[in-house]
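Engineer: Read off the chains here:
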Amino acid sequence: MQKQLREMEAGILEKLKSVSAMEELNEIRVRFLGKKGELTGVLRGMGALSPEERPVIGQLANEVRARVESELEKRLSELKAMARNARLARENIDVTLPGTVFDTGGLHPLTTVSRQIEDIFIGLGFSVAEGPEIELDYYNFEALNLPKDHPARDMQDTFFIGPEVLLRTHTSPVQVRTMERTAPGLPVKIIAPGKVYRRDDDATHSPMFHQVEGLAIGSRITFGDLKGVLQVFARQMFGPETKTKFRPSFFPFTEPSAEVDISCGMCGGKGCRVCSHTGWLEILGCGMVHPRVLEMSGYNPEEVTGFAFGMGVERIALLKYDIDDMRLLFDNDMRFLEQF
Amino acid sequence: MRVSYKWLKDYVDVTVSPGELADRLTLSGIAVEGVHELGAGIERVFTGKILNIEPHPNADRLTVCAVTTGGPENLQIVTGATNIRAGDVVPVAVEGARLAAGLVIKKSKLRGVESRGMLCSGQELGLDPKTMPADQAHGIMILPPETPLGLDIKPVIGLDDAILELDLTPNRGDAMSMVGVAREVAALLGQKLRLPDIDVDETGDGIEGRVKIDIKDTELCRRYVAKLFTGIKVGPSPGWMQERLRAAGVRPISNIVDITNYVMMELGQPLHAFDYDTLKDGRIIVRRAGEGEVLVSLDGVERRLNGDMLVIADPGGPVAVAGVMGGLATEVTENTRNVLLESAWFNPISIRKTSRVLGLRSESSSRFEKGIDLTGCLRAARRAASLLAEMGAGQVASGAVDNYPAPHVPKTIILRPDRIEHLVGTAVDSDACREILTALEFGVQKNHQGLMVTVPGHRPDVSLEVDLIEEVARMHGYDRVPTTLPYGPTTQGARTREQSLAMKVKDTMASLGFREVITYSFTSQEVFNKVNLAPESPLRNVLALQNPLSEEHSVMRTVMLPGLLEVLRRNANRRVTSLSIFELGKVYLSRGDAPLPEEKQVLSAAAMGGTSRGWNKPSLEKDFYYMKGVLESLLAQAGISGTSFEPFKDDPSYHPGRAARLTAGEQLLGVLGEVHPDVVENYELPGRVVAMEIDFGIMASLAGKAGKYRQIPRFPGIERDLAVVVELQVPVREIIGVVKKSGGNLLRRVELFDVYQGEQVQQGFQSLAFSLTFRAEDRTLTDDEAAGLINTIRENLAKKFGAQLRS
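As they're listed, the protein sequences go chains C and B. Sequence positions in the first sequence follow the working numbering and run 1 to 340. Sequence positions in the second sequence follow the working numbering and run 1 to 807.
Since the hints were made in silico from the structure, they are not lab data. Here the structure is a predicted model, which means the values were calculated and not measured. Honestly, I wouldn't trust all of these hints.
[Claimed, not checked] Lysine-lysine pairs mimicking PhoX-like chemistry, simulated, CA-CA at most 20 Å apart: (1) C:K74 <-> C:K36; (2) C:K195 <-> B:K586; (3) B:K216 <-> B:K233; (4) B:K192 <-> B:K6; (5) B:K600 <-> C:K195; (6) B:K446 <-> B:K411; (7) C:K148 <-> B:K586; (8) B:K353 <-> B:K504; (9) B:K192 <-> B:K9.
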């Protein structure tokens with residue numbers, strides 16, 4: 001019986017080597033190990049053995065079963081691996097074919113730049129305010145310390161709808177509308193992005209363009225704070241190495257007033273075409289809110305101070321993307337817009 | 001304003017280079033746009049005398065000159081110039097010379113005659129022809145006859161100089177003069193200002209009785225000073241004066257005119273010279289013009305005046321538009337013997353209005369507009385007199401008529417030094433303030449309140465304490481103010497709900513394959529015809545610009561569609577014919593008598609062509625359903641439900657059979673559809689176009705807040721397909737309605753996955769295939785339950801629409 005078992009084992013193990021399909025493997029399993037299988041058959045014959053032989057044969061039979069099972073498993077995983085490899089080989093594709101095409105859209109570069117500006121100031125605690133584009137003379141000029149016939153009105157050539165109604169020439173009227181709403185509440189910290197209009201049309205001017213206005217009113221706001229806030233802005237917008245320069249200037253609605261230059265990012269301040277070889281780029285105008293403006297909008301200039309600034313979004317977009325003609329921004333040529 | 005570095009040194013010791021001076025000025029509020037080194041690159045040009053001029057043997061238009069530059073040898077130079085005579089002293093470029101435009105002079109032959117150099121025009125030496133005497137503007141520059149020969153030309157004609165080009169802000173009229181700039185420079189560099197000499201040698205008889213000044217409007221003319229010059233010999237002004245005028249960008253005319261311009265440039269006080277003998281009775285009347293009164297100005301143009309304009313008149317009528325332009329009849333000419341010099345103060349606003357109405361801006365009007373020094377009129381007149389006497393161009397009648405009805409009242413402002421720290425953020429002590437203000441010629445006295453500051457006449461722009469703070473801050477230096485961040489309670493920066501939704505909408509449109517465009521808010525009336533608007537459409541009720549740049553941009557838009565179609569057209573012209581664009585912009589709707597119109601935000605989109613095609617994916621035509629799908633995705637993203645699409649035939653811009661309006665209850669959200677073929681034709685577009693226009697305000701009012709979490713289904717659903725054949729004219733929405741109603745709340749999802757018309761289906765019918773999902777919340781549904789529901793749906797469809805089941 002021992003011999004029979006050993007021969008059986010040898011025969012099966014031999015057979016396993018030549019098996020090439022998983023079905024055959026299953027057949028072998030059933031034939032040998034199944035309920036009516038050969039090994040089972042052998043064990044059934046154990047009843048005829050002597051009590052001394054029974055444990056010996058029983059142990060041998062279990063050993064044979066274990067060995068056969070383990071060999072079966074081994075062969076099974078070998079065959080699985082072969083089959084998987086065959087499938088992988090069969091399924092080879094050309095990965096250099098282009099991927100599935102999707103329609104991609106995108107935002108206008110002015111929207112992208114506006115959002116960047118807004119996000120920086122939101123991070124500094126400013127809320128986003130808005131106001132009408134068609135505006136009263138009062139909000140666009142008078143309440144900003146620009147009475148009728150003020151020579152500084154010449155700085156902004158205006159489109160008129162009626163004698164007292166015009167297309168706003170800057171986003172500054174939102175300052176006034178905001179202060180009228182909040183006075184005498186403190187603090188006020190807003191930015192106001194939006195469209196503005198001036199009668200100009202050439203490579204560096206568009207009759208419609210975008211500005212972002214900023215306003216902060218509080219009990220202890222200083223020109224130093226204005227410098228600090230705009231320095232943070234410039235570094236976040238143009239990179240941590242960016243330097244800022246504040247030059248005295250004049251706006252009727254701020255005093256003291258300044259224009260802000262940043263170090264040219266193209267040449268790092270050495271001087272190049274973009275910065276007209278000065279190393280500096282003018283990016284915005286700002287100043288401390290004029291006491292008359294505070295007063296007209298309901299604040300007491302003896303008690304509160306504030307700063308305001310305004311920047312052209314186009315100007316910043318042109319600098320950021322090195323675009324040399326502002327008209328491209330409003331031409332809506334897909335070949336241009338697709339680049340953003 | 002052009003400032004000569006060399007001239008500036010008359011009034012102040014300039015201890016820094018032109019470049020550094022420009023930087024210092026810019027950082028203290030006088031912006032310098034550029035520094036031009038005159039004479040840069042000019043070499044080997046000398047003063048020379050023309051000894052002899054002979055015709056060129058081979059050319060009618062050329063002459064051959066013998067020229068000496070003082071050397072042993074005369075030079076033969078061929079020239080085409082016609083304004084030269086033998087004996088003239090001129091700039092001579094010799095062999096190897098370099099001129100302004102980089103031109104190098106070599107020995108050459110012109111039509112067979114050797115030429116060893118070139119006679120130069122001002123332009124060739126880098127001078128602006130507009131600043132050359134008229135007879136030399138396009139010819140050779142003629143130097144004064146006494147000029148020594150063989151000198152380097154640069155110092156002789158003032159090319160050893162640098163010009164600082166100032167870009168002045170409108171408040172700084174005081175810096176529109178050499179002395180004004182010198183005052184700033186002196187304060188910046190800690191130097192002393194030297195004012196020009198005004199000692200007048202008054203040799204003539206007294207002015208009394210010969211000149212009478214009558215000011216009728218003392219608001220528009222607060223002061224009028226006249227001086228009388230007699231025995232005038234009109235001729236060219238001396239070389240030094242011409243050189244300085246040229247540097248300032250002013251053309252030399254004659255000694256008298258040049259003196260007025262010189263003093264204006266020097267002191268900032270515009271002067272006017274009348275030919276005294278043409279004035280009736282030697283009388284000057286300063287009054288408003290009569291309505292429709294006429295004056296022929298210096299340039300020969302007849303000017304029609306109005307009652308807002310101030311004129312200088314004599315008893316016979318106007319002789320000048322005050323502060324703007326003189327009259328032709330009283331102009332100083334070569335025959336002038338006696339001159340009445342005007343040095344006056346005119347109201348800035350009046351001058352600005354007048355020069356605007358007449359379209360005349362002059363050096364003089366631009367100074368009056370900004371406000372000149374009321375206290376300086378007499379000084380300027382005396383300065384002119386001293387120059388006249390110094391040049392020997394005539395006698396100065398002793399005395400002056402100084403009619404000064406509204407004298408300068410010095411303003412005194414209290415400056416509290418602690419306010420500087422409060423506003424600027426850095427302390428400047430009162431001694432430093434006093435030093436800064438004193439250097440700018442403010443009067444400063446200390447008292448218990450702070451500094452009592454008296455504003456000098458040349459700074460009419462200063463009237464408040466904050467103006468003084470700015471003076472201190474800018475001279476102290478903005479760069480010395482430490483940067484800080486605002487002190488106070490933390491504020492929370494944020495966008496409004498509507499602003500955030502606008503961002504989301506734009507992002508969604510972009511992710512759906514649309515490119516954002518930005519078009520002008522103004523348009524033309526013509527576009528309303530192009531998009532088929534009815535003649536009586538309220539959208540034609542536009543807000544028109546009073547002063548548009550062009551007809552094309554003359555009214556505010558009331559619809560978005562034309563702007564988008566124009567973008568499609570322009571791109572189609574550039575052979576980009578497949579594109580999807582959107583714009584979130586405003587339309588501007590008149591509100592009758594309300595002061596301001598309604599500004600309505602509209603989300604608009606347009607598309608033409610097909611979706612992108614790939615080797616594994618066909619292109620889909622951008623049709624009605626493409627745009628509808630985009631809109632549905634957008635509504636889902638915005639959390640808007642309960643909207644419905646209805647066929648819409650009433651918008652003439654859209655195809656009547658392929659347009660829908662989107663409603664939410666009673667509210668009209670917008671329109672979408674295929675653009676009307678007529679409109680497509682009007683825009684010359686190559687194919688069908690679909691578009692939508694959605695009222696963003698309503699959309700925002702409907703947009704959902706973040707919804708609450710719903711439990712994920714715990715029991716499996718059962719999916720079944722159902723295909724029915726129905727008549728074509730039954731809208732699919734109604735069929736889906738019946739399906740949903742019949743399925744009850746166990747029917748969780750209805751998806752239409754196929755629509756078929758064709759051979760397999762009877763004409764006039766279509767087959768619709770739905771995938772239905774049934775699910776219960778509390779148990780696993782059985783197949784029988786699902787089958788029952790399908791049966792009910794089928795029966796109801798058959799009852800309602802005569803629908804047949806398709807196997």
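Engineer: Does each hint fit the structure? Answer for all of them.
Structural biologist: Going down the list of hints, with the structure as the test:
1. C:K74 <-> C:K36: Measuring from Cα to Cα gives roughly 23 Å; hence the hint is violated.
2. C:K195 <-> B:K586: Distance ~10 Å between C:K195 and B:K586 Cα, so the pair holds.
3. B:K216 <-> B:K233: Distance ~33 Å between B:K216 and B:K233 Cα, so the pair is violated.
4. B:K192 <-> B:K6: Holds, at about 17 Å.
5. B:K600 <-> C:K195: holds (14 Å)
6. B:K446 <-> B:K411: Within the cut-off at roughly 16 Å; holds.
7. C:K148 <-> B:K586: Status violated; Cα separation ~29 Å.
8. B:K353 <-> B:K504: violated (49 Å)
9. B:K192 <-> B:K9: Distance ~11 Å between B:K192 and B:K9 Cα, so the pair holds.
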